[in-house]
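J.: Could you put the whole structure together from the sequences, leaning on the hints where they help?
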Amino acid sequence: MAIKFDALDELLDDALELPINGTTYRIPSPSAEDGLKVQRITTLAARLMAGGEAIDTTLLDDDQERDLLQLCLGQVFDELRADGVSWSQLRHAGLTAMFWIVSGVGTAEQYWKAAGDPSQLAPNRAERRAKAKKNGSAAASATKRRGSTSGTSGRKATGKSRKAATT
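In my numbering, the protein residues as written are 8 to 174.
If you're looking for bench data, these hints aren't it; they were derived computationally from the structure. Treat the hints with care, since some could be wrong.
[Said to hold, decoys possible] Computed Cβ-Cβ distance ranges for the label pairs, DEER-style: (1) Gln-77 with Ala-9: 32 to 42 Å; (2) Asp-124 with Ala-9: 43 to 53 Å; (3) Asp-74 with Thr-31: 18 to 28 Å; (4) Ala-14 with Gly-113: 21 to 31 Å; (5) Gln-71 with Ala-14: 17 to 27 Å; (6) Phe-12 with Ser-95: 17 to 27 Å.
Glycine included, every Cβ here is placed at the ideal spot set by N, Cα and C.
T.: Below, the structure is given as structure tokens:
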């Protein structure tokens, strides 16, 4: 017997909404072909960013970078340009869309909120250790001590045996 799933178009919201200068731009999911292109182009960049390193856009010339942003933003690329957004806003929106395409909405939201600052995405070693230490000590202090398993309760014996007490 086959298992029937819900229709995928009812489960997925195939768009990303980004507020820029008081306007919310709805970026549709790219076609399968364009999505695969973006995936191929950006796999290395996404790995670098997830590790807290800045994306080296010098790997792409100006035309290639524009083409990548246009692939990621679809028709919104032209809308943003027509609305006169700055280069940094256009680039940030395009890279956010790239992370959405490549890694999903969670990664895109992280990138968006970090305003493109990779140091905001991967905390440094000292912060990670401090957080781990804080979490470890808090868990230890909240843990109750285990009761004795030696069979003694700490009370004085009454001198009666168990057998005598039950008869």
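J.: The structure should be examined with respect to each hint, and the outcome stated for every one.
T.: A quick look at each hint next to the structure:
no.	hint	in the structure
1	Gln-77 with Ala-9: 32 to 42 Å	holds, 41 Å
2	Asp-124 with Ala-9: 43 to 53 Å	holds, 48 Å
3	Asp-74 with Thr-31: 18 to 28 Å	holds, 25 Å
4	Ala-14 with Gly-113: 21 to 31 Å	holds, 24 Å
5	Gln-71 with Ala-14: 17 to 27 Å	violated, 37 Å
6	Phe-12 with Ser-95: 17 to 27 Å	violated, 42 Å
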